[in-house]
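Colleague: Residue numbers (my numbering), protein chains in the order written: chain S, 1 to 212; chain W, 213 to 424.
Simulated from the structure, these hints should not be mistaken for lab results. Heads up, some of the hints might be wrong.
Selected chain W positions facing chain S (in silico; Cβ < 10 angstroms) [unchecked claim]:
| hint | residue |
| --- | --- |
| 1 | Q279 |
| 2 | P317 |
| 3 | P319 |
| 4 | G332 |
| 5 | K335 |
| 6 | Y340 |
Nothing here was measured: the structure is a model prediction, and the numbers come from that model. We put the CB at the ideal spot given by N, CA and C, even for glycine.
Protein chains: 2
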Amino acid sequence: MKDITDNNTDNNTDNNTDNNINNNKTFITFITGNRNKLEEVRSILKTNQENTHYSIKSLDIDLPEVQGEPEYVIQEKCKSASLQLNGPIIVEDTSLCFNALGGLPGPYIKWFMKKIGLDGLNKLLLGYEDKTIEAKCIFAYQENRDSQIHYFTGITKGTLVEPRGNMNFGWDPVFLPEGYNKTYGEMANETKNSISHRFKALQLLKEFLNIE
Amino acid sequence: MKDITDNNTDNNTDNNTDNNINNNKTFITFITGNRNKLEEVRSILKTNQENTHYSIKSLDIDLPEVQGEPEYVIQEKCKSASLQLNGPIIVEDTSLCFNALGGLPGPYIKWFMKKIGLDGLNKLLLGYEDKTIEAKCIFAYQENRDSQIHYFTGITKGTLVEPRGNMNFGWDPVFLPEGYNKTYGEMANETKNSISHRFKALQLLKEFLNIE
Numbered sequence: 001m002k003d004i005t006d007n008n009t010d011n012n013t014d015n016n017t018d019n020n021i022n023n024n025k026t027f028i029t030f031i032t033g034n035r036n037k038l039e040e041v042r043s044i045l046k047t048n049q050e051n052t053h054y055s056i057k058s059l060d061i062d063l064p065e066v067q068g069e070p071e072y073v074i075q076e077k078c079k080s081a082s083l084q085l086n087g088p089i090i091v092e093d094t095s096l097c098f099n100a101l102g103g104l105p106g107p108y109i110k111w112f113m114k115k116i117g118l119d120g121l122n123k124l125l126l127g128y129e130d131k132t133i134e135a136k137c138i139f140a141y142q143e144n145r146d147s148q149i150h151y152f153t154g155i156t157k158g159t160l161v162e163p164r165g166n167m168n169f170g171w172d173p174v175f176l177p178e179g180y181n182k183t184y185g186e187m188a189n190e191t192k193n194s195i196s197h198r199f200k201a202l203q204l205l206k207e208f209l210n211i212e
Numbered sequence: 213m214k215d216i217t218d219n220n221t222d223n224n225t226d227n228n229t230d231n232n233i234n235n236n237k238t239f240i241t242f243i244t245g246n247r248n249k250l251e252e253v254r255s256i257l258k259t260n261q262e263n264t265h266y267s268i269k270s271l272d273i274d275l276p277e278v279q280g281e282p283e284y285v286i287q288e289k290c291k292s293a294s295l296q297l298n299g300p301i302i303v304e305d306t307s308l309c310f311n312a313l314g315g316l317p318g319p320y321i322k323w324f325m326k327k328i329g330l331d332g333l334n335k336l337l338l339g340y341e342d343k344t345i346e347a348k349c350i351f352a353y354q355e356n357r358d359s360q361i362h363y364f365t366g367i368t369k370g371t372l373v374e375p376r377g378n379m380n381f382g383w384d385p386v387f388l389p390e391g392y393n394k395t396y397g398e399m400a401n402e403t404k405n406s407i408s409h410r411f412k413a414l415q416l417l418k419e420f421l422n423i424e
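So here's chain S without its partners, still in its complex pose:
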């Protein structure tokens, strides 16, 4: 296990991680090793602000990623995380679903990215007319290991295109969101973050947590 932030908690809280309530704030642990995702979650859930009841800390632990439908993958991730720490947690999983392939690569997209890259993704669909795809982000929230798991799914529809724009973030350059003429990779971060699959999922989580 390792922290991915210099300070394991939000900057406006102290560093006491031994319990989940501190200064009237509830700590939620986001299981991630990705600092960008952590900042995005904090930003959208507004946990950096003083008037929120929540504070997000992060923990980078390996969670098993099972095979199956995205909903099953995230469920198993959450159950595994809850076995390792008993307190409010959020976990996240993202799929890139090609409609021509019945939703695949879906949760396996990271393996396809690694093995065949952006050009390879395009080649996969060469034999198919339908180039529509969906970016799907699911957050799971569980208050403690005995409580119900809540799921929050954000979907952004789009089309698979030749890579364009910033090549630094996974499949962003090949994802052209419906109604836009720029790929995720070409968009300003603020634009992308206002329409993205992850943003939509986090909006639902935010409503659930009663954050205004």
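Chain S is already provided as a structure; the job is to place chain W on it using the hints.
Modeller: Using the frame of chain S, we list chain W on its own:
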């Protein structure tokens, strides 16, 4: 958990499954829900014969299938099975690896079969010149939950072709083994079973178990 055979043990042994040694035979539990695979394992390991020290029983339990390289997938399956029963076990996993896709779909082949079928597999490679593929079967054997896991890998090289032959067994109709002009689906069972990825892996397991 359920048995997939009328009799949970080999026919030449009694039905005492409470221990792993009976009539001087060592029982090995093959975790599978597939009766054909069970019969193939028994046939190749010759456990139906009186002069063998082993007897294969089967157990149909759900094992988590994780994402990752085939070697990791089978390792996790074996570890999970060993947590559920402590005795000699074998588990198996099969991948179909497209060389143009860096080995994918690999362990995810069953999901691709389910979602896009045989024609879909061919369409996946339409953009690629290299149609060579490998069928890879890995058996894992573990004597008890504290002992080392042993792996036995059988690979049969081939080419992905349009579906031909018997359509009843997964991707058999699109697998044309190197050096043959019939797909697995067109071959007599005896021929296929003498060159197959599963046969090769089982031969290695057989040698390991000192079965002649």
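Colleague: Using Cβ atoms only, decide whether W/G332 comes closer than 10 angstroms to chain S, and label the hint accordingly.
Modeller: holds (7 angstroms)
Colleague: Would the stated hint for W/Y340 survive a check requiring a Cβ distance to chain S of less than 10 angstroms?
Modeller: Since chain S brings a Cβ to about 6 angstroms from W/Y340, closer than 10 angstroms, the hint holds.
Colleague: Restraint: W/P317 near chain S, CB-CB cut 10 angstroms. Satisfied or not?
Modeller: holds (8 angstroms)
Colleague: Next item in the hint list is W/P319. Is there a CB on chain S closer than 10 angstroms to its CB?
Modeller: At 7 angstroms from the nearest chain S Cβ, W/P319 passes the 10 angstroms test, so the hint holds.
Colleague: Under the criterion of a CB-CB separation shorter than 10 angstroms, is W/Q279 in contact with chain S as hinted?
Modeller: holds (4 angstroms)
Colleague: Taking the closest Cβ pair, is W/K335 under 10 angstroms from chain S?
Modeller: At about 3 angstroms, which falls below the 10 angstroms cut-off, the nearest Cβ of chain S leaves the hint on W/K335 intact, so it holds.
Violated hints: none; the structure is consistent with every hint.
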